[in-house]
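Chemist: The chain contents come next:
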Amino acid sequence: MNVFSSIGGYLLMMKAMFSKPENFKMYWKELMHQSVEIGMGSLGIVAVISIFMGAVSAVQTAYQLTSPMLPKETIAQVVRDTVILEFAPTLVCIVLAGVVGSKIAGELGNMRVSEQIDALEIMGINTKSYLVAPKILGALITIPLLVILAMVLGIYGGRLAGTLGGILPGETYDRGLLMNFVPKNVWFAMAKAYTFAFIISSVSSYYGYNVKGGALEIGRASTTAVITSCILILFADYVLAFLIL
Amino acid sequence: MIEIKNVSKSFGDKEILKNISAVMNTGMTNLIIGTSGSGKTVLQKCMVGLFEVDSGDIVFDGKDLTTMSEEERKELRQQIGMLFQGSALFDSMTVEENVKFPLDMFTKWPTAKKMERVNDVLERVNLKGTNKKYPSEISGGMKKRVGIARAIVLKPKYLFCDEPNSGLDPQTSMVIDKLIHEITKENEMTTVINTHDMNSVMEIGENILYLYHGKKEWEGTNKDIIFNKNEKLNEFIFASEFLKDAKDMRMLEEKGIIDNDRNMDKIMREGGANLVITDDDKKE
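First to last, the protein sequences are chains A and B.
Here the first sequence stands for residues 0 to 244, numbered as in numbering that gives the first Met the number 0.
Here the second sequence stands for residues 0 to 283, numbered as in numbering that gives the first Met the number 0.
Next comes chain A alone, as it looks inside the complex:
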């Protein structure tokens, strides 16, 4: 019953978001603010994770490719495809579910508990469209950009680990990157990035917006938002892979 009422509440919140803004300029300002908060706020962690996941991927692939019959370029191909197909969109978005999701749920939860949302409602502002919509749009703008950055840095991390560790020369790695490249993989990764961005921002907004109680409930809402987002990301990952690949 709880699950159904949560789904119903979530859908009603999504519906209520679509209304005419009271003041377009203020909504635009909020969208820009949220885009900077979500994008810039996660830049550092995404960069670090991406470089290391590419590096680890290169070292482990080299470790498993023991046959002298396989060319060294294969390492670059494996790193490229795993980073583009899975690591950059899925792993980064799971991390972002923690970073961005808890931030959104915490911010909205705090606004709810301290009556800031009520204050906006009293002023005659549609709080769902003023507070939630810019967060979702901001995530849809910045998270795919972060995923693209993660792809680039992940592949570069693999090259760095390969050359610094003496696994393969840089030129060989670059040559491998260009071999058997399938552009569809990038589109697939972007489809995942947009889907996951929507899941992270909307689910976290829902839990944050509907907090009841005090500080303890804000913490609980953040945790629930992150867990639910992660599960939905993994489920959506499987569905998209099944449908598109």
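Careful, some of the hints might be misleading.
Result set (BS3-like, lysine-lysine): computed pairs, CA atoms no more than 30 Å apart in a straight line [said to hold, decoys possible]: (1) K19(A) x K73(B); (2) K211(A) x K13(B); (3) K28(A) x K127(B); (4) K127(A) x K62(B); (5) K113(B) x K24(A); (6) K28(A) x K127(A); (7) K73(B) x K14(A); (8) K28(A) x K107(B); (9) K17(B) x K211(A); (10) K142(B) x K102(A); (11) K4(B) x K156(B); (12) K214(B) x K211(A); (13) K14(A) x K107(B); (14) K184(B) x K107(B); (15) K184(B) x K4(B).
Heads up, incomplete: computed chain A residues facing chain B, CB under 10 Å, no partners named [as the list claims (entries may be wrong)]: (16) M25; (17) M110; (18) I121.
In short, the hints are calculated from the structure, not lab data.
Because the structure is a prediction, the values reported are computed rather than measured.
In this text, a Cβ means the ideal position worked out from N, Cα and C, and glycines have one as well.
For this one, chain A is given, so just place chain B on it according to the hints.
Modeler: Chain B alone, transformed into the frame defined by chain A:
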């Protein structure tokens, strides 16, 4: 004027408001008083439309809130200012930005005009020079005053205050009460205040509604309240032993039995509960 007509509200099986009717007069500070859990906040939230009533009407100058469309409610809400118990200031904005927010959202005024209005209201609430401070950098009393400034910046017709004195010292509470009272008179607003602070009741209670377990138990002014005969209201207003003794003393004084000034010293020294009136205490 706001008319509350037979309003009832329940949450689940629990009936919070039971068939309440009252009138909140224009140009007056209308107080809703009662113990914690008596339904004051629920009634006020019903009045501003944050809660839907189960039955009854809430009429703002002839327009019934309960039958209004969402657009009509939006329009009405732009004529409502509200001061929340915890001030509800936006943490990420400065004092100036908090007060300017309603103007940014609902007016197309040039920035200079907006700033003029912001500075005017901040000066009115004695907060000149605090424009660039964040809510975390100012005291509780100042936060309340910023809340008042934000509530009145659009010159609303109706002002709602939910326990404006909670968490404030008696002196600051009095400043806030006086400020709300003055602003009500200056702008000819209909002000509704939830409180259980007896100082506020006596200072600014021009029209008082006493709620007891969700029911209207008494209605009157601050002049009537001390001499009221309602047992439940008397339990509420004379909840402290000191006030009970003060009331007894006042009666004795009125009957010409004692001299109040002399007995006040004795009460302060010995405690009101143990006061024994001796022949020395009686008026000469």
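Chemist: Taking only the CA atoms, is the gap from K142(B) to K102(A) under or equal to 30 Å?
Modeler: The given pair, whose Cα atoms are some 25 Å apart, holds under the 30 Å limit.
Chemist: Is the Cα-Cα distance between K28(A) and K107(B) 30 Å or less?
Modeler: OK: K28(A) and K107(B) at ~15 Å, within 30 Å.
Chemist: For the pair we were handed, K19(A) and K73(B), check the Cα-Cα distance against 30 Å.
Modeler: Answer holds: K19(A) to K73(B) is near 12 Å, not above 30 Å.
Chemist: Has the given pair, K184(B) with K107(B), been kept, meaning a C-alpha gap of at most 30 Å?
Modeler: 28 Å, holds
Chemist: Is it true that the CA of K184(B) sits at most 30 Å from the CA of K4(B)?
Modeler: With Cα atoms ~25 Å apart, K184(B) and K4(B) stay inside 30 Å; holds.
Chemist: Can you confirm whether the C-alpha distance between K73(B) and K14(A) stays at or below 30 Å?
Modeler: Between K73(B) and K14(A) the Cα gap is close to 18 Å, so the pair holds against 30 Å.
Chemist: Given the hinted pair K4(B) and K156(B), is their Cα-Cα distance within 30 Å?
Modeler: 20 Å, holds
Chemist: Mind checking the alpha carbons of K28(A) and K127(B) for me, to see if they're no more than 30 Å apart?
Modeler: Holds, at about 27 Å.
Chemist: Please verify whether K214(B) and K211(A) have alpha carbons no more than 30 Å apart.
Modeler: Holds, at about 26 Å.
Chemist: Does K127(A) sit within 30 Å of K28(A), going by the straight-line distance between their CA atoms?
Modeler: Distance ~16 Å between K28(A) and K127(A) Cα, so the pair holds.
Chemist: Please check whether M25(A) passes as an interface residue: C-beta within 10 Å of a C-beta belonging to chain B.
Modeler: M25(A) check passes; min Cβ-Cβ to chain B is 5 Å, inside 10 Å.
Chemist: K127(A) and K62(B) were given as a pair; does the straight-line alpha-carbon distance stay at or below 30 Å?
Modeler: 26 Å, holds
Violated hints: none; the structure is consistent with every hint.
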